[in-house]
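Asks: Take a look at the letters that make up each chain.
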Amino acid sequence: MAIEERDPHTGHATTGHEWNGIKELNTPVPRPVYFFLATTFLFSLFYWVLMPAWPTGVSYTKGLLGIDQRTTVAENLRQAAMERAVWATKIEASDYSVIPADASLMQVVRQTGRTLFGDNCAACHGANAKGGPGFPNLTAGSWLWGGSPEAVAETIRVGVNSTHGDARVAQMPAFGKDQMLPRSDIENVAAFVQSLSNPSIATGPDAGKVAAGRQVFATNCTACHGEAGKGNIEMGAPDLTDTVWIYGGDRQSIMTTLYGGRQGHMPTWEARLSPLDRKILTLYILDLRRRAP
Amino acid sequence: MISTLTKGERELAIVILGILACVGLAMAAAGRADPLGAHGWLIIALCVPMIFFVIAGYYTPQPAEERLSQYYDDPSKAGIIAAMVWVVFGLFVGDWVAWQLVYPDLTFDAAWSSFGRIRPVHTTSVIFGFGGNALIATSLHVLQRTSRARLPDQLSPWFVLVGYNLFCLIAVTGYLMGVTQSKEYAEPEWYADIWLVIVWVVYFLIYLRTLARRKEPHIYVANWYYMAFILVVAVLHIVNNIAVPVSFGHAKSYSLFSGVQDAMTQWWYGHNAVAFFLTSGFLGMMYYYLPMRAGRPIFSYRMSIISFWGITFMYMWVGSHHLHYTALPQWVQTLGMTFSLMLLVPSWASAGNALLTLNGAWHKVRDDATLRFMMVAAVFYGLTTFEGSFMAIRPVNALSHYTDWTIGHVHAGALGWVALITFGSIYAVVPWLWKREAMYSGRLVELHFWLALSGTIIYVFAMWNSGIIQGLMWRTYNESGTLAYSFLDSLVAMHPYYIARATGGLLFFLGAVVGFYNIWMTIRTAPAAQVSDVRTDIPVPASAGTPALQPGE
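Protein chains in written order, with the UniProt record's numbering: chain A, 1 to 293; chain B, 1 to 553.
Keep in mind that the hints were calculated from the coordinates and are not lab data. Among the hints, erroneous ones may be present.
[To be verified] Ranges of calculated distance between the beta carbons of each label pair, as one might list FRET restraints:
(1) Lys90/A / Leu106/B: 40 to 50 angstroms
(2) Asn161/A / Leu106/B: 25 to 35 angstroms
(3) Ile242/B / Ala271/A: 29 to 39 angstroms
(4) Phe248/B / Leu65/A: 33 to 43 angstroms
(5) Gly147/A / Phe248/B: 55 to 65 angstroms
(6) Asp109/B / Glu83/A: 40 to 50 angstroms
(7) Pro245/B / Asn26/A: 21 to 31 angstroms
(8) Glu83/A / Ala398/B: 13 to 23 angstroms
(9) Gly57/A / Phe53/B: 54 to 64 angstroms
(10) Phe516/B / Pro293/A: 23 to 33 angstroms
(11) Asp68/A / Phe516/B: 32 to 42 angstroms
Quick caveat, the model's predicted, so the values are computed rather than measured. Cβ coordinates follow ideal geometry from the N, Cα and C atoms, glycine included.
Start from the sequences and build out the full structure, keeping to the hints where you can.
Replies: This is the structure:
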């Protein structure tokens with residue numbers, strides 16, 4: 001080996017090699033490196049002895065503590081269920097008419113219902129349940145499918161136009177696309193529909209259309225929407241006389257509804273939410289509406 | 001470019017491109033009704049012009065014999081430029097994805113621009129496009145100089161570089177068409193995977209052939225790391241991508257593994273991609289450019305050895321820390337966690353070795369932004385590995401997993417370590433490769449440094465906050481014993497941090513644009529009349545031994 005070369009700055013010897021000008025010092029590995037290697041290894045050793053760790057062919061070392069994540073999670077779930085059972089059994093057993101009067105149960109409904117709604121329903125109905133284009137407002141307006149707790153619970157259970165065998169079926173025909181009505185009739189009846197919630201239209205420049213539309217409505221629409229346009233919960237046909245709209249109440253939106261028809265899709269929750277969760281949601285929605293300004 | 005190839009190599013290039021074009025044609029025919037067909041056309045559209053390009057240069061004079069006494073750097077130059085193009089593109093897409101999380105409407109209602117498609121476009125462009133090209137370019141540069149041997153031939157490095165970029169292009173365009181294996185960082189489908197294997201084997205062979213002919217008695221540390229990177233990535237890539245295509249006319253394939261075995265294979269791959277692609281390769285870069293730029297010897301050869309074997313051995317075990325509290329048997333999780341903890345020691349030894357190498361050169365760190373890039377990178381490397389080992393502890397992971405904390409951790413590594421060490425190395429190597437006295441503008445390097453550093457810090461802090469808040473919200477119960485917050489509530493809480501993150505990303509992106517401009521202008525300025533020392537492509541006389549270079553084969 002060549003004469004030992006020392007780095008003037010650190011005083012350490014180099015290894016004697018050089019690559020393209022790079023040299024290496026032969027500095028010993030600092031003590032802390034060994035110390036921490038030993039510490040982390042000892043910790044690991046300790047942990048391996050206590051916990052499930054090394055495979056042994058068909059099985060594995062179970063660890064002295066006997067901890068197993070499957071039993072741990074099962075135990076945690078059992079305990080959580082037990083804590084919740086205090087109110088869960090009460091809600092399950094009580095009738096829809098008595099729960100709203102029970103303040104402690106209603107606190108559960110408001111707390112738990114809010115997260116259940118946020119995680120399952122808000123994507124369509126909005127975080128505040130006020131709906132959005134294509135999705136009904138659950139806090140105001142008349143109900144499409146009825147507002148009794150049983151009716152609401154049933155809507156949640158089976159859904160609308162969903163894959164459930166008992167699904168509610170809503171079908172607003174495509175009067176334009178399927179050529180059931182000429183364009184002029186559609187324009188007229190659209191004006192008439194608008195006048196139901198906004199009477200000023202009947203006396204404005206569109207008065208003629210509204211009058212003609214009334215006739216079209218009587219022949220084509222009353223079967224579902226009712227004589228007065230107040231809707232029909234048997235068909236899920238919305239009330240057209242209020243100012244709460246699913247698809248929009250401006251002339252263009254109504255024209256689009258009439259031209260292409262509408263089939264809102266509300267999923268079935270029977271397979272995804274427990275009866276208790278659905279009951280809480282029903283109570284939650286009704287409570288929201290009761291408290292809505 | 002063609003003028004540096006021998007006649008035989010030119011002919012071989014035409015043959016290879018011809019075969020590739022035929023494969024493209026076969027894919028286009030077999031996959032008429034499938035994205036596979038579109039990729040066939042893409043291959044044809046790239047190969048045919050390249051064939052003409054080679055033919056156009058076919059009759060240029062052959063390279064002179066003198067070339068053999070010089071290093072062959074053209075592929076490295078092209079690789080650096082490719083890396084810079086990919087990084088500007090990849091960071092742009094990355095920031096776009098970040099803003100999509102703030103304003104979901106930024107998909108503009110198109111399928112190709114949806115979050116699920118452009119997120120992998122971002123990750124692939126920055127990791128494989130930017131990182132991979134930078135690794136190939138610098139590894140060839142370092143390999144020749146530390147072995148004092150010219151690359152074995154002129155064609156194979158071009159094959160690797162062009163082939164690798166073809167792989168990246170197929171990957172990225174595939175995602176936009178909805179082609180994906182749905183394995184994170186291994187999204188490309190079977191045909192792209194097979195192609196990458198071919199390219200990678202040639203890459204490894206270049207390494208072996210050059211090292212076998214080296215004039216230095218020992219193999220330098222940087223080359224250990226580069227070799228580990230190439231070898232292990234090949235193993236990981238092949239195992240994780242074993243799949244059966246639906247047919248030769250379809251892009252879709254099904255993995256050989258399923259269920260928890262699939263998850264374990266994927267994260268064994270995933271974490272070792274972090275280890276051997278994003279760590280080992282870039283440590284190779286650091287071990288050459290940092291001491292070169294600092295003008296200091298490596299602090300400790302012995303520490304290099306401990307770190308190298310520690311890192312290569314222990315990383316192999318830790319993938320299961322991505323699957324804590326899942327269907328994965330607990331004993332596998334235990335091993336992942338404990339090896340992650342032990343891994344911290346060699347990781348810190350590496351970072352320490354780099355920082356201690358700077359002893360005696362700290363005044364340079366202060367004045368030279370290029371060296372500062374590398375110094376800060378080593379610091380981030382240390383921080384990120386600490387954080388990683390910490391997050392691998394099961395109870396910590398119970399909080400951090402599935403949250404933005406993970407994203408923050410990844411970016412501390414990807415921006416702070418990988419990108420900074422790469423930019424530092426690129427700023428060091430560009431004047432050497434193009435034989436310029438220095439970069440076009442030192443002040444722009446300085447500007448890039450501060451943009452990159454502030455962008456990284458904003459990003460990482462935003463995601464730490466966001467991730468921890470998110471994790472806590474997901475596990476908070478109300479008095480009724482049910483979850484206090486819906487997922488939506490946590491999203492609302494994330495919103496301000498998403499804005500901060502996207503802003504940090506924007507700064508980082510702007511830095512890369514500045515860097516791109518600076519490099520471009522450096523290339524365009526006239527070469528310096530006389531470049532000294534390491535900048536030449538002729539070997540520096542070693543203190544011991546002959547100065548001569550081992551010529552190509």
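Asks: Give a verdict on every hint.
Replies: Checked hints:
1. Evaluation of the 40 to 50 angstroms hint for Lys90/A and Leu106/B yields a pass: the beta carbon distance comes to about 47 angstroms.
2. Separated by about 31 angstroms at the C-beta atoms, Asn161/A and Leu106/B satisfy the suggested range of 25 to 35 angstroms.
3. Taking the beta carbon of each, Ile242/B and Ala271/A are about 35 angstroms apart, inside 29 to 39 angstroms as hinted.
4. Distance hint check for Phe248/B and Leu65/A: the Cβ-Cβ separation is about 53 angstroms, which falls outside the suggested range of 33 to 43 angstroms.
5. Look at Gly147/A against Phe248/B: about 59 angstroms separates their beta carbons, and that is inside 55 to 65 angstroms.
6. A hinted range of 40 to 50 angstroms for the beta carbons of Asp109/B and Glu83/A is consistent with their spacing of about 46 angstroms.
7. Remark: the range hint 21 to 31 angstroms for Pro245/B to Asn26/A is contradicted by a beta-carbon distance near 54 angstroms.
8. As the Cβ distance of Glu83/A to Ala398/B is approximately 20 angstroms, the hint placing it in 13 to 23 angstroms holds.
9. Range check, Gly57/A to Phe53/B: Cβ separation about 59 angstroms, and the 54 to 64 angstroms hint holds.
10. Between Phe516/B and Pro293/A the beta carbons are some 56 angstroms apart, a value that contradicts the proposed interval 23 to 33 angstroms.
11. Here the CB-CB span from Asp68/A to Phe516/B is close to 54 angstroms, at odds with the stated 32 to 42 angstroms.
In the structure shown, a violation is registered for the earlier hints numbered 4, 7, 10 and 11, in ascending order.
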